[in-house]
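Colleague: Using the hints, position chains B, C and D against chain A.
Number of protein chains: 4
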Amino acid sequence: MTAEASGVFPIAATPFDDAGRLDEASLDRLTDFYVESGATGLTILGIMGEAQKLDAEEARLVVRRIVARAPIPVVVGVSAPGFAAMKTLARDSMDFGAAGVMIAPTPNLRTDDQIVAYFTDAVEAIGDDIPFVLQDYPLTLSVIMTPGVIRRIVTALPSCVMLKHEDWPGLEKISTLRRWQAEGSLRPLSILCGNGGLFLDFEGERGADGAMTGYAFPDMLAELASLQKAGRRDAAHDLFDAHLPLIRYEQQQGVGLAVRKYILKRRGAIACDRQRKPGGSLSDTARQEVDYLLARLARTDPRAAL
Amino acid sequence: MTAEASGVFPIAATPFDDAGRLDEASLDRLTDFYVESGATGLTILGIMGEAQKLDAEEARLVVRRIVARAPIPVVVGVSAPGFAAMKTLARDSMDFGAAGVMIAPTPNLRTDDQIVAYFTDAVEAIGDDIPFVLQDYPLTLSVIMTPGVIRRIVTALPSCVMLKHEDWPGLEKISTLRRWQAEGSLRPLSILCGNGGLFLDFEGERGADGAMTGYAFPDMLAELASLQKAGRRDAAHDLFDAHLPLIRYEQQQGVGLAVRKYILKRRGAIACDRQRKPGGSLSDTARQEVDYLLARLARTDPRAAL
Amino acid sequence: MTAEASGVFPIAATPFDDAGRLDEASLDRLTDFYVESGATGLTILGIMGEAQKLDAEEARLVVRRIVARAPIPVVVGVSAPGFAAMKTLARDSMDFGAAGVMIAPTPNLRTDDQIVAYFTDAVEAIGDDIPFVLQDYPLTLSVIMTPGVIRRIVTALPSCVMLKHEDWPGLEKISTLRRWQAEGSLRPLSILCGNGGLFLDFEGERGADGAMTGYAFPDMLAELASLQKAGRRDAAHDLFDAHLPLIRYEQQQGVGLAVRKYILKRRGAIACDRQRKPGGSLSDTARQEVDYLLARLARTDPRAAL
Amino acid sequence: MTAEASGVFPIAATPFDDAGRLDEASLDRLTDFYVESGATGLTILGIMGEAQKLDAEEARLVVRRIVARAPIPVVVGVSAPGFAAMKTLARDSMDFGAAGVMIAPTPNLRTDDQIVAYFTDAVEAIGDDIPFVLQDYPLTLSVIMTPGVIRRIVTALPSCVMLKHEDWPGLEKISTLRRWQAEGSLRPLSILCGNGGLFLDFEGERGADGAMTGYAFPDMLAELASLQKAGRRDAAHDLFDAHLPLIRYEQQQGVGLAVRKYILKRRGAIACDRQRKPGGSLSDTARQEVDYLLARLARTDPRAAL
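Residue numbers (our numbering), protein chains in the order written: chain A, 40 to 345; chain B, 40 to 345; chain C, 40 to 345; chain D, 40 to 345.
Errors might be hidden in some of the hints.
It does not matter which identical chain is used: a pair holds within one copy or between any two.
Computed list of lysine to aspartate or glutamate pairs in EDC-like fashion (alpha-carbon distance at most 20 Å, straight line) [as the list claims (entries may be wrong)]: (1) Lys126 with Glu97; (2) Lys126 with Asp56; (3) Lys316 with Asp152; (4) Lys126 with Glu244; (5) Lys212 with Asp323; (6) Lys316 with Asp62; (7) Lys316 with Glu211; (8) Lys268 with Asp152; (9) Lys126 with Asp57; (10) Lys212 with Asp94; (11) Lys316 with Glu97; (12) Lys126 with Asp94; (13) Lys126 with Glu96.
Honestly, the hints are just simulated from the structure, not real lab data.
Only chain A is shown next, with the shape it has when bound in the complex:
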């Protein structure tokens, strides 16, 4: 994982069985699914991966198993309430063969200095030899990082090689960072976009390197990235727009993961769509709405014909 990373790093779900236990067979199948979808990397133990619902042993098991199986770089979410737990998981993950880690700020951070200090302390804890992804997700984390704060972090911490961009609105932030890089006041940095993919059509045009989100059609995300890279603007938008009704439906906070696991199950990537508590679930009506959206999408994209 370097500052040149691009393409799609799906945020992986974590499969459980009906009793809420880790489903290791599905872990393997899901890993293969992402790889076959054209992912250039994989991000595990993120918020969508229900990382907080695993205990320390389980988290290690997930990392070990996926890292062993995936032929692509694996980024491990190591966000934690404290630095000791963050360090333990980060060091273990690298020992298992991970490519890097992802760190989100704790929700209590407010001022610019607090945010910069937090990442400085985090790197001091895990070691400056581990490449890390800076997660910028104000909607869920309630921490707001200006472009200037991101620059301070990137400049102070050479091991920061990637931004998981999910500010909202966030298009101007990408443009600002890229402009600073063009001007030479910010070193190179990979920018992959989250936020459920809701703005991927323009984020690529603004200069993002790809996607890091959990949309249940990572193969479509890979195709979108290819079209954007090839400069085929209209085709990229056509593809994106066809998926937008479902992307939008998946991007509902809380409900989204239930939709994603439901579709991943229907696509054969996992055996069971159960979440651990606290987790959302789909009402019958919601499931029918997802089916309806899939059926409409299948008119133009055969991948949605499930």
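Modeller: Structure of chains B, C and D alone, referenced to chain A:
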């Protein structure tokens, strides 16, 4: 304005001139624009209407002018930090001929009891003879109302005739409220949906009565409501999906109003798209993106050919 | 009101009668009470003054009446959701003879740049000829200003002449600002302390110029300021410690104002201790606790023998 | 640990050495210190115990060591972002011999139903055979529990035997819960008070059973509880008032722990007052202020003569 209200009550923008003064000529033109778009009502002085940026005199002027001109019911946002100011604007608005008022909770409310007490006190302040719209907008207001709390408010306060629904996710909330009404445990209540219109395709199907949002194509919202009322599901979704890329772009917090005023200006509804401070503005790139979205939309919807 | 201001600027309560109307006779009596207590200035329409519960006309009435009567500088709280209302009240207040205004940030501000921009815009709105007090009250306003942000505001805006310091913990902030002034990197600025007075014993020692709080014994605050100025450390702490049980009791969020109005009434400064809604009230037990604290205090301070 | 528990359950600090490693010798000494201070129980791995800064192994080590040494009931804080980690620590702690666990709500909870559901899920996760303490600490956790919500939790979950009360203001909450118990609408429940001890003088009078806080003079807390139990009101207040200046100083968010560890070190209970990052520290001036407060206190309480 009654519990039977339906259709589209656009959230009106407030036009300013280049110097930041109220533009009264544009107020008239914009009012006509909404009426000609098929609006069944009009909501003014909402968040999108920059209500907080007007002083007390200006707010009164806006109400008086629009109420005098619009041949449809006008709802006036009277949310205020305190009940005295809320009362003054509410009573004045009704004197001018408004149909009702809209009240949002103050952001500090947390517990169920606090929320119910707030609306009880608000009605005590403005008087129980003024029909009011309950605004449920957690994303911006950070107040979370369960369906049970809404039922407590509606049951305790007969002057509550409408819910401005903009919870996110919010589809199950509509279904729950409608089920309670079917069961007889909740009296009739109009539900109009906000949230930038991002879920209007399904909200109508779940039982909502229409839209109360500021999307710059209120005429499309009216058409969508008609298609839904007529049971033409696929046609409704086709129309919605064509607009979704723009709806989504407009729904960016902060940026959205700049997009809306820009399009309203291009549609001839207002003379100037300036916001008062603090307000967003569109970069050149953003404006080009909106133009691109309009051009794409115009392929199927001639209203977007500006 | 200048950067040399010192002593005690009590935060004035706003007296209402039993029906919730402004009690103008008590306004006069309360003004006299503060003046006779040794106040060097007066701060009206603050949070404790229930400013948010007045409508625009009432606010003007309060300003006019108090400014006309008080022979000391009067600072008017003009914090408002928008700049137009802030400007109207600020300009009117200065016309009536106020010495300056006080501005708190809106609760949604997060980043350093947002905070600085807010005060820049506020001064642009009200005019740079009005001396203003910067209110730094994170506990209630949830806006956190580092010393660096305060320096940016003070440096950029010459009309900022005073800091109402109520950060918590906040002692180091005072020391930092005073050190910067000693070093010449921050211009002179009056610092008056709020936070219910809970740390006044040390705040003066750290370099604060006095108090701006609503404690019901402003005469004690004035005496404390004198003792500190005279370098009588032990005597100052003895006085402070005797009052601390009551200061602490008054500093309960929400309840505090009920205690203060109760004591102000018992001291004869206002006729009625009613608050407008939403407001706290004292249970019988709470009232007895206050009476007990007063009785204990009266053993050493005759002012508390009510 | 039962619903009849009373007296003082100090919140234990966690001692580290200068390199930030757990200091096991100090763990033993500190345990003895609390026991010799008259504690009737001990609460470990709370917020003040820097629980979040330990990894899973370290947390287990602390529990095992303290439980093995203390001849009094030990409550273990098991609050965690997810239920799997909470369960693992809770089960392990009980295996080691703990008397019960303490659970705080996660900061994102808002509505009454969300809070009740959270504790229901937590008990389902850890098992209903583990007695637990409900932590009610809105200031830090930003979760507001009405008395009604507490009653719902206590009624639904028989394993809830104690309330760690640190609402602020919170006196009326104690009175309400006790009144409900007197009326028979709430089963017996131990109430121990936190909030830095700032209101312990009245909390006991309102019906609380004692203290659960980390004030560096647990021996004074035990004495206060005895005086209150003996009905010696004035003597209790005299003791409390003498300590209040220091209690207040310690109750500064963030700074408080630095003060406590400093005093615990001076009292010989721990070898080093270092905190893990992110942690506060005392400036020279702050240390001198604490020394000054200790010297003043020592005039009436020889325990403070360090």
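Colleague: Check each numbered hint against the structure and report the violated ones by number, ascending.
Modeller: Hints 4, 8 and 10 not satisfied by this model.
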